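Protein chains in written order, with numbering that gives the first Met the number 0: chain Y, 0 to 276; chain D, 0 to 356.
Honestly, the hints are just simulated from the structure, not real lab data.
Here are the simulated DSBU-like cross-link-like pairs (lysine-lysine), alpha carbons at most 35 Å apart as the crow flies:
id	chain 1	residue 1	chain 2	residue 2
1	D	281	Y	86
2	D	281	Y	269
3	Y	14	D	232
4	Y	45	D	225
5	Y	74	D	106
6	Y	48	D	106
7	Y	48	D	232
8	D	66	Y	93
9	Y	211	Y	239
10	D	227	Y	48
11	Y	211	D	281
12	Y	230	D	232
Remember, it's a predicted structure, so these values are computed and weren't measured experimentally.
Chain by chain, the residues:
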Amino acid sequence: MTVVTSTTDLADIVKQVGGDRVMVTSIARGNQDPHYVEILPSYMMKVRKADIYFMVGLELDLWAQYIIDGSRNRKLEVVDCSVEINKMEVPIGKVDASMGDIHQFGNPHYWLDPENGKLIARIITRKLSALDVEGQEYYNNKLADFEQRVDLALEKWESQFSNLVGKKIIFYHNSWPYFAARFGLKTVDFLEPKPGITPSPSKLNQIIQLIKSNDIELIASETYFSDRVPKFIATKTSVKTVMLAQSVGALDGVVSYFDLFETNLRILSKAYGLEND
Amino acid sequence: MDKQIVGGLLLTAFLFGQTTINPDFSVIGDLIIDQSEDGIDLSSAGIEMVIQGYVNPFARADVYIHKHNDESALELEEAVITIERGLPLGLGLRAGKFRPDIGKINKDHAHLFPFIQAPKSMANILGEEFWSPTGLEGSILLPLPWYTKLSIGYFDEGFGGHKHMLNDKSNGDDDYQGKDEEEGLSNGVLSGRWSHFIDLNDVTHLEVGASGYSGDEKSLLWADLKFKWRPDKYRSLTIQGEVFQLNENREAHENDLNSQYDEENDKVKIIGYTFINYQFNKAWNMGLIGDFSTFDISDDEEDKYVDKSNYNFALFFGYSPVEESSVLRIRIAPDGNDINLMAQLIWSLGPHKPHRY
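Using the sequences plus the hints, can you model the full thing?
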């Protein structure tokens, strides 16, 4: 079966449960901002002969619909992987552009919690099994194995990196609520004054004062942002700056969904000066 | 004619579809500040209202309504139903009033340009808002390893029937309206394009196209090329150019009171433009645009809607301090022995949909 996904994270989970019965490619590269992907005709060619398209949903990959339409693939099954996720930060009341690029159905970066990875894998398995009935048992076995490996890894990470709990951190963009909640990080603020809005000088000044008055040790940003702003703040304070992998493939060595967490947790642990080897 | 066809299409959608879901509605506006001999002119290219949504699982509709500067009437710029996933064999269909798949720039709305004004030589031929007739267009994705599309359309009128020069205070006058209507009576035309899109690598892409047009006493051969290198979110280099050969029937040409061509020229004309645009961070881009035509523009005072130069060049800058849909553009261009400075502030209200390549 041929599968296309919006992001590399979904692609890796498809690989984990689809094994060698599935050929999968991703539209966005791991180091790309998944909010903004240019709608290239070559992406439509990828989707043209696919059986299934797995999208992130929650308005993260709005571009996917144009690629799907442009593919002219009438048989394509489109699956939104967010349907069973317990969404965080669902806005209450009227949502408008004064709030920045806010997602009206909740924060869409849900794959950054391994527990949500299991939910994604179940949705993927159901769809693969429905279209490839002969492979149903195979997919279910792969799913059980994936879930077991996630549980074991999560148990290890929560123990090994337990001293990250309560650590204060400033993120560039609000990509990390699921990750922070899972591993106990305390998000103090964001460099963006509102989601998707460029940091302003007054916001940077506010951040500098916040870091000084609250002894915040770390600013973390996604790999697709320039490090100019975090480094500028670092010159004015004692804060450290790191880049975290927002997706599989965003940093060297992050080649699987498990690497995503292992690498990010190690980067954070090292930046905070915690020894976990 | 346009209104009847488009109204019929939309009415069909409303009558036979049952849905409580509203389409997306957005508005794009601007302010233009232009340096002139009399001082500073403030104007607008107009307000564009866009309504977009799915009619059913297979078809979507896009409606663009334009309110021009200094004109009271709203103008329907596009109202089109597009079917892309509902037909077999990689076929697609567009029906209504829309910008045909001919060349590259003809399909883009002005707010998507990195520069302020459309290339003058193209606007002089195609019309200020380019060619947006009423008709039907079919296309097919050819079964080749790369993306290649063949489109063929039949339309009710030829190009060039619509001109709105920026800051032209004569817009909307009776002569102008009459000219529009007169040109709308022309015979149907056929147009088509064969385009190819090639990934040179993950971040570098090339699109080439060849188009043709026949009817309305004219024929066209048209070539377009777009090269884009986009290594990351905030940096990109775009080089785009188009050139076309216009063949005009001399008899029809002589009957045209607003003719732009002198009789010494052959009836074959060459028109083209090219631009280079470099975005060097999230907020800033800059570039250079040049256009040319091989014919002289008439000095006839009655012909108010044409420029007087064969060659035009301009430097342009763009600044998006907050997000990409609100942008300040600056244009610096030679104007005789002087330099003309123009600025445009564009804003957008409503959903910001992703744009196709």
